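Asks: Chains as they are written, first to last, in numbering that gives the first Met the number 0: chain A, 0 to 107; chain B, 0 to 107.
One or more hints might be untrue.
Treat identical chains as interchangeable: a pair holds within one or across any two.
Here are the computed lysine to aspartate or glutamate pairs in the EDC-like style, where the Cα-Cα straight-line distance is at most 16 Å [to be verified]: (1) Lys18 / Asp78; (2) Lys86 / Glu48; (3) Lys29 / Asp107; (4) Lys86 / Asp107; (5) Lys29 / Asp84; (6) Lys86 / Glu54; (7) Lys1 / Asp22; (8) Lys1 / Asp78; (9) Lys18 / Asp97; (10) Lys86 / Glu70.
Since the hints were made in silico from the structure, they are not lab data.
All of these numbers come straight from a predicted model, not from anything done at the bench.
Residue strings, one per chain:
There are 2 protein chains.
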Amino acid sequence: MKISRIEHMCEGNGHVIIKEILDAPQLNGKCRMYAEVILEPGCSLGYHEHHGESETYYILSGQGEYNDNGEYRPVQAGDITFTPDGKGHGLANTGNADLVFMALIILD
Amino acid sequence: MKISRIEHMCEGNGHVIIKEILDAPQLNGKCRMYAEVILEPGCSLGYHEHHGESETYYILSGQGEYNDNGEYRPVQAGDITFTPDGKGHGLANTGNADLVFMALIILD
Numbered sequence: 000m001k002i003s004r005i006e007h008m009c010e011g012n013g014h015v016i017i018k019e020i021l022d023a024p025q026l027n028g029k030c031r032m033y034a035e036v037i038l039e040p041g042c043s044l045g046y047h048e049h050h051g052e053s054e055t056y057y058i059l060s061g062q063g064e065y066n067d068n069g070e071y072r073p074v075q076a077g078d079i080t081f082t083p084d085g086k087g088h089g090l091a092n093t094g095n096a097d098l099v100f101m102a103l104i105i106l107d
Numbered sequence: 000m001k002i003s004r005i006e007h008m009c010e011g012n013g014h015v016i017i018k019e020i021l022d023a024p025q026l027n028g029k030c031r032m033y034a035e036v037i038l039e040p041g042c043s044l045g046y047h048e049h050h051g052e053s054e055t056y057y058i059l060s061g062q063g064e065y066n067d068n069g070e071y072r073p074v075q076a077g078d079i080t081f082t083p084d085g086k087g088h089g090l091a092n093t094g095n096a097d098l099v100f101m102a103l104i105i106l107d
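Can you make the complete structure from the sequences, with help from the hints?
Replies: Okay, structure coming up:
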């Protein structure tokens, strides 16, 4: 499993930890990324758009504020977000524990 | 989220609970299923093969015994399994708590 720590991802606060579950051959040209992502308290993944792909978050634990293409809503364990091609999103940890979620990018 | 309870899935013991995170339009012809799966204590998902697709399990919690195309090994939170096209797998909960995992099927 490749683990990356990215500072100020998409101009977010702090850092994002990305644990990649599948490599490129396994993703088989159908998906671009499949990962468990961790936002520690105070950290956020800044707003960004997806083009030529969709991205789904599945929240595993923690509390966050999700920016769904400009509309904000709280998210917690069990919540699903879906960003279709051409739209954008961001996510901030608003709690005192790690915000952990699965991220899957499916190509168009 | 579509939630299914399947008895004796692939001739396994007990039942399997499948929470589908994406529907067919969202899977976009690239993946066949993306789900959180729960095996309660004593339950198993029987051995089965995949053809024309791969399947990845990412273990979120619990203890299990994974059948990796005929070879058995224990699995726990953080473990990744990958079954390529033409191979098979099965999974049994060997603990006292739910065995919870993400399942992703990517088409060839």
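Asks: None of the hints should be skipped; say for each whether it holds.
Replies: Quick rundown of the hints versus the structure:
Within a single copy, Lys18 and Asp78 get their C-alpha atoms only as close as 20 Å, which misses the 16 Å cut-off; across copies the closest is 12 Å, which meets it. For the homomeric pair Lys86 and Glu48, the shortest alpha-carbon distance inside one copy (5 Å) is at most 16 Å, but the shortest distance between copies (37 Å) is not. Proximity of Lys29 and Asp107 under a CA criterion of 16 Å is satisfied in both settings, with 8 Å inside one chain copy and 8 Å between copies. Proximity of Lys86 and Asp107 under a CA criterion of 16 Å is satisfied intra-copy only: 13 Å inside one chain copy versus 27 Å between copies.
In this assembly of identical chains, the alpha carbons of Lys29 and Asp84 lie at most 16 Å apart whether taken from the same copy (14 Å) or from different copies (14 Å). Taking the shortest alpha-carbon separations for Lys86 and Glu54, only the intra-copy value of 10 Å comes in at or below 16 Å, while the best inter-copy value is 28 Å. Only within a single protomer do Lys1 and Asp22 lie at most 16 Å apart by alpha-carbon distance; the minimum there is 8 Å, versus 28 Å between protomers. In the homo-oligomer, the alpha carbons of Lys1 and Asp78 lie at most 16 Å apart only across protomers (13 Å), although the nearest pairing inside one protomer, at 25 Å, exceeds that limit.
Taking CA atoms no more than 16 Å apart as the test, Lys18 paired with Asp97 passes inside one copy only; the shortest distance there is 14 Å, against 23 Å between copies. Proximity of Lys86 and Glu70 under a CA criterion of 16 Å is satisfied intra-copy only: 12 Å inside one chain copy versus 44 Å between copies.
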